[in-house]
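A.B. asks: Sequential numbering from 1 applies to the sequence shown in the UniProt record's numbering.
Keep in mind the hints are simulated off the structure, nothing from the lab. Since we're looking at a predicted model, the values are computed, not measured. Just so you know, even glycine gets a beta-carbon here, dropped at the ideal spot from N, CA and C. Heads up, a few of these hints could be off.
Below, in silico cross-link-like pairs of lysine-lysine (DSSO-like), each with a Cα-Cα straight-line distance of 27 Å or less [claimed, not checked]:
{"id": "1", "residue 1": "189", "residue 2": "71"}
{"id": "2", "residue 1": "538", "residue 2": "427"}
{"id": "3", "residue 1": "384", "residue 2": "590"}
{"id": "4", "residue 1": "281", "residue 2": "253"}
{"id": "5", "residue 1": "401", "residue 2": "384"}
{"id": "6", "residue 1": "164", "residue 2": "189"}
{"id": "7", "residue 1": "430", "residue 2": "281"}
{"id": "8", "residue 1": "204", "residue 2": "300"}
{"id": "9", "residue 1": "569", "residue 2": "664"}
Label-pair ranges, simulated between beta-carbon atoms [unchecked claim]:
{"id": "10", "residue 1": "318", "residue 2": "251", "range": "29 to 37 Å"}
{"id": "11", "residue 1": "594", "residue 2": "37", "range": "22 to 30 Å"}
{"id": "12", "residue 1": "616", "residue 2": "401", "range": "52 to 60 Å"}
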Amino acid sequence: AAEKTEANRFRLSVLPPSTGSPAPSCLSIMKKLRKTQANKLDEFIEDRLLPNEEFRRQVNEAIDIICTFLKERCFRYASHRVRVSKVVKDLSDADLVVFLTNFTSFQENFRRRARFIQEIRRQLEACQEEETFEVDFKVQKRRRRRLRALSFVLRSPQFCQGVKFDVLPAFDALAKHSQPQGQVTEDYKPDPQIYVQLIQECEKLGKEGEFSPCFTELQRAFLKERPAKLKSLIRLYALELLTVYAWEQEGSKTNFSTAEGFRTVLELVLKHQDLCIYWKKYYDFENPTIRQYLRGQLEKRRPVILDPADPTGNVAGEDPQRWQRLAKEVEVWLSYSCCKNSDGTPVSTWDVPVQDAVCSAASGSPVPSVVMELRDTPAKSLDKFIEDHLLPNEEFGTQVKEAIDIICTFLKERCFRYAPHRVRVSKVVKGGSSGKGTTLRGRSDADLVVFFTNLTSFQEQLERRGEFIEEIRRQLEACQREETFEVKFEVQKRRWENPRVLSFVLRSPKLNQAVEFDVLPAFDALGQLTKGYRPDPKIYVQLIQECEKLGKEGEFSPCFTELQRDFLKSRPTKLKSLIRLVKHWYQECKEQLGKPLPPQYALELLTVYAWEQGCQETGFITAQGFQTVLELVLKYQKLCIYWKRNYNSENPIIEEYLTRQLAKPRYSIPSWLSSPRKWTPAYSCSTRKRRNY
């Protein structure tokens, strides 16, 4: 697939004309290039490599006619209905990609493309006879049994030039998942599900890189925004990307030395065994499926140059011997005039790294490689790592906050006004990482806890929550239809017969981030909280008695969301950043091990405990805090941590319950911020450390 990419992408070819004077051969042009002085390369490009403007005008007019034909007339007499969503030209006018709505997957694209190519051939030959072109238009003969592209040539005898085109049928993946009609706009970033589907189908078919045409618009947009001078320096896709990378590392200047850029690219070819380059403009490591696949790609034998639009495509190819042959040519070329100054000294090169090189989506400036990620980040750079990779996008946060305010108002004021029985919502509280201020970029979650005055006990909450959840679902779906959100709002399908939560997702295709919310009905045990609030011990007495009666310890944690939120929300900003780092590390471990781990919330509390015991300063060293938390995990068998901020042992019922809890075999970190409760078995503890808060 990569071989096809190198051979067919961006081929503005000089073809032998059928009549007229012969076109200059590639060999003669190469001989002239060798003798061209370094400071004359811009003139050489203008005189020898840029196509004739009048010929390009003729070609563009012919292509517009062909594109219109393909979209509007090509399949009108087909036996089955065929709809072309769009026809896309790439930058070099070398590929015409015909996107068909009949294709619903990459696999279907692979299996049915030959049939569509045959129909396109028949219709293009008819078009050739009907239409009048200023250039010669010839559909080439079929060469292979299993076609993946249809080729034709536009040739101008007047200018002794020709362009060879490929027409490729393609699945319109961008339109299926997010973009209206698949139109790529400025700053567009595809829905990660596009790449998840691509990866899964490529692995199933064993056809990595096969579906590059489906991403032609992204490939075109990636290069189209580059300066004209940079485009003059590049041809052929793998070398184009290598050239773009070198230019980005130099600072993305619009006015650079062509000779320096050319020599830099040649020397990068010499270092092909070390090349590992990819971009995060259209896909990144935030989705777990994409992250796992990319790691496999980046661990492959060098060189690796990933298509910025298609993570399955290594445009460097699979055969390093081809690069070795090219490198031998480079060694010769470095001695030619085009790579030397007038005094015979080598032209200067740009300072460009070659190993695990990744460029950001916007500026193209280098950022830390996410494949090596946390484990190879120097201790002194952890704050920068958090800032670059873990802090959520501010614009996305603003969009989510506005949408949540609308939903909270809806839940409190409108949701139950048509209910058969009077239902009153006392408050709606945002919890989870969004409520606590510890949201991770790309991994956000939040709880919206709806407190009902109709619920008068924990037991009644357990018995009636299902009916409230169903009513909230109906009303939220209505809200989804009525309200206008800047982010995509989806109520998720019901998964259980007796649900305890209702889930929905707020997603921003523009920013490639999503937040998953759980809506939980709850008994309002605390009432209205004020500054310095401490719960009445009777609340915990009722909780303990009903939990023991029902055998549901820990079931009613949502009732204490405000206390859990306030416990972390008031902490220093830098401590919350450390919590984000620990959560990121935890998620990496969870994905790598693929086995159940202790609750993430326990790690958050362990981080708070480490800070309280060891520092309590707002300007601590992040690396020291992170190391401390990891070492506490190693000592999990000795951990017994709890806080007395919201309850203590003064009440005899609470004291008796706590005594029993702390006398149990140590399988967890008891962290009852809001309620004494039983945690999922995870840790074994033998000694006890207490801290009064």
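A.B. asks: It remains to establish, for every hint, whether it holds in the given structure.
C.D. replies: Consistency of the hints with the structure:
{"no.": "1", "hint": "189 to 71", "verdict": "holds, 26 Å"}
{"no.": "2", "hint": "538 to 427", "verdict": "holds, 21 Å"}
{"no.": "3", "hint": "384 to 590", "verdict": "holds, 24 Å"}
{"no.": "4", "hint": "281 to 253", "verdict": "holds, 19 Å"}
{"no.": "5", "hint": "401 to 384", "verdict": "holds, 26 Å"}
{"no.": "6", "hint": "164 to 189", "verdict": "violated, 31 Å"}
{"no.": "7", "hint": "430 to 281", "verdict": "violated, 32 Å"}
{"no.": "8", "hint": "204 to 300", "verdict": "holds, 19 Å"}
{"no.": "9", "hint": "569 to 664", "verdict": "violated, 31 Å"}
{"no.": "10", "hint": "318 to 251: 29 to 37 Å", "verdict": "holds, 33 Å"}
{"no.": "11", "hint": "594 to 37: 22 to 30 Å", "verdict": "violated, 60 Å"}
{"no.": "12", "hint": "616 to 401: 52 to 60 Å", "verdict": "violated, 30 Å"}
Consistency with the previously given hints fails for numbers 6, 7, 9, 11 and 12, ordered from lowest to highest.
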